[in-house]
Amino acid sequence: MSFEVARGDVFALLGPNGAGKTTTIEILEGFLKRDSGDVRVLGVDPGVHANQRWLRSRVGVVLQELAVESFFTVRQVLERNAGFYPEPRAVDEVIELVGLRDKADVKVKKLSGGQQRRLDIGLGIVGNPLLLFLDEPTTGLDPAARRMTWELIRTLSQQGTTVMLSSHYMDEVEALACHVVVLSKGRIAASGTPSSLGGRDLGKVAISFSIPPGISVTDLPVAPSGCQGQRIEISTDCELEVLSRLTSWALVKDIQLVGLSVTRQTLEDVYLGLTRESLASSDGPRS
Amino acid sequence: MSVITPPRKDHTRTSDLRLVLHQVRYEQKAFWINKVGALFTIGFSVLFLVMLGATNGKQTISYLGNITNDDYYVPGFIAYGIMSACFSMLTVNIVVRRETGLLKRLRLTPLPTWALLVSIFISTAIVAVAQVVVLLLIGRFGYAVPFPREWLAFLFVIVVGIASFTAMGMAISSVIPNQETAGPVTSVAFFVLLFLSGLWFPLQASSGLAKFSNFFPVRHLLLAVRAPFEQQPGVSPWAWHDLGIVVAWGIVAAVVAMRRFRWSPHRN
Chain A
1 MSFEVARGDV FALLGPNGAG KTTTIEILEG FLKRDSGDVR VLGVDPGVHA NQRWLRSRVG
61 VVLQELAVES FFTVRQVLER NAGFYPEPRA VDEVIELVGL RDKADVKVKK LSGGQQRRLD
121 IGLGIVGNPL LLFLDEPTTG LDPAARRMTW ELIRTLSQQG TTVMLSSHYM DEVEALACHV
181 VVLSKGRIAA SGTPSSLGGR DLGKVAISFS IPPGISVTDL PVAPSGCQGQ RIEISTDCEL
241 EVLSRLTSWA LVKDIQLVGL SVTRQTLEDV YLGLTRESLA SSDGPRS
Chain B
288 MSVITPPRKD HTRTSDLRLV LHQVRYEQKA FWINKVGALF TIGFSVLFLV MLGATNGKQT
348 ISYLGNITND DYYVPGFIAY GIMSACFSML TVNIVVRRET GLLKRLRLTP LPTWALLVSI
408 FISTAIVAVA QVVVLLLIGR FGYAVPFPRE WLAFLFVIVV GIASFTAMGM AISSVIPNQE
468 TAGPVTSVAF FVLLFLSGLW FPLQASSGLA KFSNFFPVRH LLLAVRAPFE QQPGVSPWAW
528 HDLGIVVAWG IVAAVVAMRR FRWSPHRN
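The listed protein sequences correspond, in order, to chains A and B. This note's numbering applies: residue 1 is where the first sequence begins, and numbers increase by one. This note's numbering applies: residue 288 is where the second sequence begins, and numbers increase by one.
To be clear, the hints were calculated from the coordinates, so they are not data collected in a lab. Since this is a predicted model, take the numbers as computed values, not measurements. Idealized CB from N, CA, C, for every residue including glycine. A portion of the hints provided could be inaccurate.
What the hints assert, rightly or not - Below, simulated PhoX-like cross-link-like pairs (lysine-lysine); rule was C-alpha separation at most 25 Å, straight line:
1) B:Lys316 x A:Lys107
2) B:Lys322 x A:Lys109
3) B:Lys316 x A:Lys109
To be verified - Derived coverage of chain B by chain A (criterion: at least 3 residues anywhere in the stretch with Cβ under 8 Å from a Cβ of chain A; other residues may be distant):
4) 313 to 327
5) 386 to 397
Same shape as in the complex, but just chain B (with noise of 0.2 Å):
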């Protein structure tokens, strides 16, 4: 079969940047359009870090060098931030989109693939950064918390923590056949998850729930954020094992996403 027009000469094609910047510009859009959903994924964060140090900011932990509970929450929340957005939030935006058929309507267009994924990435990096910065400035002016002591290293556990947590969530989203289930999904496994992982206590890294959380990226993910802050001479702000890890989650993750990633529904 053949639909037959003779091809228009002609090689013009939107450049990529351009291309990127306008589906950028949407999906930034589309976020902020829905306040409370924006509020909601910027705001918890920064509600449970008010919420604890009001609690018992200023009791120290003995066993991390007897830093302050603001000092151990600030880092972890800014953890939780990134992982928040890369990870649930994404997770759910895909879903709902590819289920409500959004991405098969996307595919008829010319926007490639690739584009589309590096807008979604870009978007949700916007929103991860914007809470880092928000939970930073809380700490330093409300809770006294010292700005990391390295600075290259918090950037870079940041680039790292936001490239896996976004493959992790894009891995994730691909095996989740359902828009109903993908928001009870997600945030049972995260908080599961955080909490093992001891983003609201303390673990003791000898404890056998530090063992059993030391295998899923998430903890990991906490300790790397946490080593730029640690203001004690000796100790590295590099957390090479914890970033290992993370980007050994997230090497698996971007495979299984790209093998995996579908744009129509499963229904159809």
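Here chain A stands alone, though its shape is the one from the complex (with noise of 0.2 Å):
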């Protein structure tokens, strides 16, 4: 396995569970040593013991399932985390940026599950870092406070840290990450932006619409790839022309194509494409 990340960037690592993602973080955070290979992260090897101190007072992370002290209120929390950094980010900033404000001094005890998670991102944040962990920030969030947490990371983006962040949503990754690497096994399956991971801006696109009523398959100026029920499906790598030949043949016989659609594959297709593929074989392909 192998890739590199640009400060400010926001990088994604996918995969199934027991993939290796969490693994991978762990050895790139310093708390897990590594069998071989090299690693650097802000230039140092975290496996040196070193470095660690280093390393930690410089890079957030936020893992799943990590206990906080549920006797203290997040403010309490905060500052004494913010206590071990030699440059903290400001306690009130911290628990603004996290959308906490109302909870400061609340026990964390009695905050709910998603804004436990926040505050578990906040922990993360206050050291004021320049590399963040994030490990599925947003399971278990509601709606709105996963577009918070998007907006966060975008803001920690744009102001330097870079960010890597594990996720099962697919949504997620699109909005956040300009890097995508898919591990499966262990190993690389696929690596790239989001809108190209495994061909997906060179794959076919699917053109689908209702097919109008007293109108034929037959009829349709381009040969349909398949139909479902009422729905009629167009596999195609010219889209343009297809779209101009088929809107073109509408408009002159003034015939509404209800539902009009068209769609690449979604990330999420690639991605169980991709996975499926390296769990179906013993070996996955490597990168």
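Using the hints, put the two chains back together into the complex; each one sits in its own frame.
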């Protein structure tokens, strides 16, 4: 497995459960020792004990299932952790950023699951990190809190924080990441930008619409590749030409193409294809 | 693999002293926030002393030079106070924090291992010393038990006791795999040893029970704490033999604790 991340990027690590996402993150932040290979985080080796204190004061980590002292208030926990860092972010600023202003003086045990997750993220950024690891940061959040977390990640990225994200939500990855790596069985199955992953930008485009009343399939100006009930599907590499022929035909005949949609393979389709492929073969593709 | 961000050229890091003081403050906060737990830890030794003193405090113990039961109980419960704070309370505290993932979370911050351990040690010592002071005052003013004849020896025993039993607490916590058993296992082991070591009733040095409990550090700490209280001339306030055995246990425990200390829960 080999990858590099540039400063200020949002980098996404994807893969099914057990593919090695958390292990990779734990090696990068120095919690686990790697068996072999070369790792540099912020220019230093996280496996070297002497680097760890330096690294931990510049790297924020939000893992899954981390506990927080439930008897402390949100502010107490953040102030405690802020004290560990040489250049911490102001605690009030963190509380504001993660949207817990109303809950600042509430005990952690009184927070909802989503609020606790936001506190986790707050603890990840209180040290003002150059690099932030987020392991499934929005799992369990309601849609509004998810969007707020996205905004937060964008803000941090704009301020120059490098973000390394793992997620099961493809819309999240598409909205945030500039670079994606798909892991499968501890190897890289594919990597690229979200829009080009696995040749997604070059793949076929699916055009579909409901067949107009009184029109038979054979009347259409282009041959459909599939038909589901009233729904016509055309899969093509030359979507412009097909669309042009279809729409000019419809305009001339004054026919409505109800529910016309043009879609590329979604990131999820690509992801499922990649991970299914490598699940089937015993040795996943290397990259 | 590599996550490249050009490092900022800075050499700032939080000063070690500030870091430890900061963490000690939150260790103390965590202890005192749980008022029932705090009262239980500190109050237990006081409660025992008051109860036993009220029951048979003025009886004398012939084979211990005719000292009264109160004279016997005050040093005994001072030793108990040290052991309950540094051993039972600490063990449960560490196991619960480790198994619920609280230690792992701290591991992700720049707080170094030694700073966390030192902070826990200082915080535990504060609780132990608080108990010692309360017990001394109750003994002196409630039961007319004189203060230690030799303060230096007394302070030395307290420091040795706190250090050794903290190491033992750390060692035991490293072999207990889950938080459900931590409380029962430590309490039972601790109370059996206390009982056999003669905390509640004096043991004759020649008895089989005394010989058995001489193997363990509990009885030796009881004896070592009592020595500076001895008012008879000719009896040394420095119980070197007992202190030596307590320290030996402490050193072995410290080695075990350092080798086996872990941050992450066993379930992972």
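Here is how each hint holds up against the structure:
Pair hint B:Lys316 plus A:Lys107 holds up; C-alpha atoms about 14 Å apart against a cutoff of 25 Å. As the CA atoms of B:Lys322 and A:Lys109 are separated by approximately 17 Å, the hinted pair is consistent with the 25 Å bound. About 16 Å separates the Cα atoms of B:Lys316 and A:Lys109, which keeps this hinted pair within 25 Å; it holds. Evaluation of the coverage hint for the region 313 to 327 of chain B: fulfilled, as 5 residues show C-beta separations to chain A shorter than 8 Å, against a requirement of three.
With 9 residues having a beta carbon nearer than 8 Å to a beta carbon of chain A, the region 386 to 397 of chain B meets the requirement of three or more and the stated coverage holds.
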